[in-house]
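Build the full structure now, drawing on both the sequences and the hints.
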Amino acid sequence: MVKTFLSIFISLALLLAAALFEHFYISNTFETFDIALNALEDKVREEIASREDAEAVRTLWEADKRNLHAVIPHNDISQIDYWLGETVSCIETRTYPDALSRLEVLQSICRQIPMTYKITFENIF
Amino acid sequence: MGLIFLRTTIIFIALLAVMRLMGKRQIGEMQPFEFVITLLIAELACIPMADISIPLLYGITSIVTIFFLHQLLLFLDLKCKPFKAIVGGKPSVVINKNGIDISQLKKNHLDLSDLIESMRSAGFFSLDDVAYALYESSGQFAAMPREDSKKENKVSLPVVIVDDGKYNEQNLSLTKTGRPYFEQILRDQKVRSVRNVFVLTVDGTGKIYMQCRGEHYRSFRVQLPEESAW
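Protein sequences, first through last, are from chains A and B. The letter at position 36 of the first sequence is residue 36 when you use our numbering, and the numbering goes up by one with no holes. In our numbering, each number is its position in the second sequence, counted from 1, plus 1000.
Because the hints were derived from the structure by calculation, they are not lab data. Fair warning: there could be bad hints in the mix.
[Said to hold, decoys possible] Only pairs whose alpha carbons sit at most 30 angstroms apart, straight line, appear in this in silico DSSO-like list of lysine-lysine:
id: 1; chain 1: B; residue 1: Lys1190; chain 2: B; residue 2: Lys1106
id: 2; chain 1: A; residue 1: Lys3; chain 2: B; residue 2: Lys1081
id: 3; chain 1: A; residue 1: Lys3; chain 2: B; residue 2: Lys1090
id: 4; chain 1: B; residue 1: Lys1166; chain 2: B; residue 2: Lys1107
id: 5; chain 1: B; residue 1: Lys1084; chain 2: A; residue 2: Lys3
id: 6; chain 1: A; residue 1: Lys3; chain 2: B; residue 2: Lys1079
[Claimed, not checked] Which chain B residues stay away from chain A? Per the calculated CB distances, all over 10 angstroms, these:
id: 7; residue: Leu1003
id: 8; residue: Arg1007
id: 9; residue: Met1030
id: 10; residue: Thr1065
id: 11; residue: Leu1074
id: 12; residue: Pro1091
id: 13; residue: Leu1112
id: 14; residue: Glu1169
id: 15; residue: Lys1176
id: 16; residue: Val1191
id: 17; residue: Glu1215
id: 18; residue: Ser1219
id: 19; residue: Phe1220
id: 20; residue: Arg1221
id: 21; residue: Ser1228
Given the structure is predicted, the values throughout are model-derived calculations rather than measurements. Glycine residues also receive a C-beta, built at the ideal position from the N, C-alpha and C atoms.
Below is the structure:
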């Protein structure tokens, strides 16, 4: 009986801890990434963004990506990789209007991904 | 992970409810919740293993959730008897002193052939040999032999002639009898129509087991036609 009770408690604690960790980790990571994207967007609007600025955002993303693979589907990560690559190349060729539209896509992905992990009716069903 | 926990719990409860509603024939030697776990766990382990776009942690979370639900149900099973009946079901007595309990058979989505098959597996070939029979909540069949049943000198397999109000034509030809022969027996027993008969079996010695709907079973002997032998 004690063993059963203990196993219920431990498994529930593990699940709750994992759920809380996932919630805060994903929210924080994408919040930080979104702030970096906003800063890059400001520079693109002013048409002063350089490849180094875009690479800095990419480096920040690459640092978080490894851990994110454990908690979010790899397809979502590939999508960000793709749009980030497009943005970097647009900034390098100084096609700022195109870079802006790609940044918009990236920002909307960054806002959507944490939303898909929230415990809401539409996500459960 | 919170979402996966909730989604796994919802699927588990839905499957468990469906398994309970399907009755005992779907389970087969397992408690309903054990059967649900067996169904789910293989899939949960397989999907993240085969689909590399899904993090392995998703599968692990689902499996831990299933483990948690299993332990929780085991705990409630031991501590709360009404809960045990709701989740695991109760044994169904399908044969009692009045004969076959048709309502219990229907409740568990079983028919006469399922019952006869279970009886044969348990070593009973005649409905008359059994005083009580039941399906456990796990779907296992158990029967208690009739103590007053006489040992027959001549051994013969009873065959079903009427099953749920309909003649079994194959068995009629096997026994080399015919509908008129049994219609006469029904008239002698004051049964208006074959549709009222739930079961009628006959063995090679002429021993008949008959039960009409809503009535006590009858067991009697008739003289079989001379050419009739199996």
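Outcome of the hint check:
A C-alpha spacing of about 26 angstroms is found between Lys1190 (chain B) and Lys1106 (chain B), which places the hinted pair at or below 30 angstroms, so the restraint holds. Only pairs whose Cα atoms come within 30 angstroms are accepted, and Lys3 (chain A) paired with Lys1081 (chain B) is accepted, the gap being roughly 20 angstroms. Taking the CA atoms of Lys3 (chain A) and Lys1090 (chain B), the gap is about 27 angstroms. The hint holds against a cut of 30 angstroms. Among the hinted pairs, Lys1166 (chain B) with Lys1107 (chain B) is consistent with the structure: their alpha-carbon atoms are about 21 angstroms apart, no more than 30 angstroms.
A distance of roughly 20 angstroms separates the Cα atoms of Lys1084 (chain B) and Lys3 (chain A); the hinted pair therefore holds under the 30 angstroms criterion. Between Lys3 (chain A) and Lys1079 (chain B) the alpha-carbon distance is near 15 angstroms, which keeps this suggested pair within the 30 angstroms criterion. Against chain A, the non-interface label of Leu1003 (chain B) is violated: not every CB pair exceeds 10 angstroms, the least being about 6 angstroms. Not every beta carbon of chain A lies more than 10 angstroms from that of Arg1007 (chain B), the smallest distance being close to 6 angstroms; the non-interface claim is violated.
With a least beta-carbon separation of about 19 angstroms from chain A, Met1030 (chain B) lies farther than 10 angstroms from that chain, consistent with its non-interface assignment. The non-interface label for Thr1065 (chain B) is inconsistent with chain A: the shortest C-beta to C-beta separation is roughly 6 angstroms, within 10 angstroms. Chain A draws Leu1074 (chain B) into its interface by the beta-carbon criterion, the shortest separation being 6 angstroms against a cut-off of 10 angstroms. At roughly 25 angstroms, the least C-beta separation between Pro1091 (chain B) and chain A is larger than 10 angstroms, which holds for a residue marked as non-interface.
Chain A leaves Leu1112 (chain B) outside its interface by the beta-carbon criterion, the shortest separation being 42 angstroms against a cut-off of 10 angstroms. With a cut of 10 angstroms on Cβ distances, Glu1169 (chain B) stays outside the contact zone with chain A, its closest approach being about 51 angstroms. With a minimum CB-CB distance of about 62 angstroms to chain A, Lys1176 (chain B) clears the 10 angstroms threshold, and the non-interface call stands. No beta-carbon of chain A is positioned within 10 angstroms of the beta-carbon of Val1191 (chain B); the least distance is around 54 angstroms.
Taking the minimum C-beta to C-beta distance to chain A, about 48 angstroms, the non-interface status of Glu1215 (chain B) holds against the 10 angstroms cut. Listed as outside the interface, Ser1219 (chain B) is consistent with that label: its C-beta sits roughly 49 angstroms from the nearest C-beta of chain A, beyond the 10 angstroms cut-off. Against chain A, the non-interface label of Phe1220 (chain B) holds: every CB pair exceeds 10 angstroms, the least being about 55 angstroms. For Arg1221 (chain B), the requirement that its beta carbon stay farther than 10 angstroms from each beta carbon of chain A is met, with the minimum near 57 angstroms.
Distance to chain A confirms Ser1228 (chain B) as a non-interface residue, since its nearest Cβ pair spans about 61 angstroms, more than 10 angstroms.
In summary, the structure is inconsistent with hints 7, 8, 10, 11 from the numbered list given earlier, while agreeing with the others.
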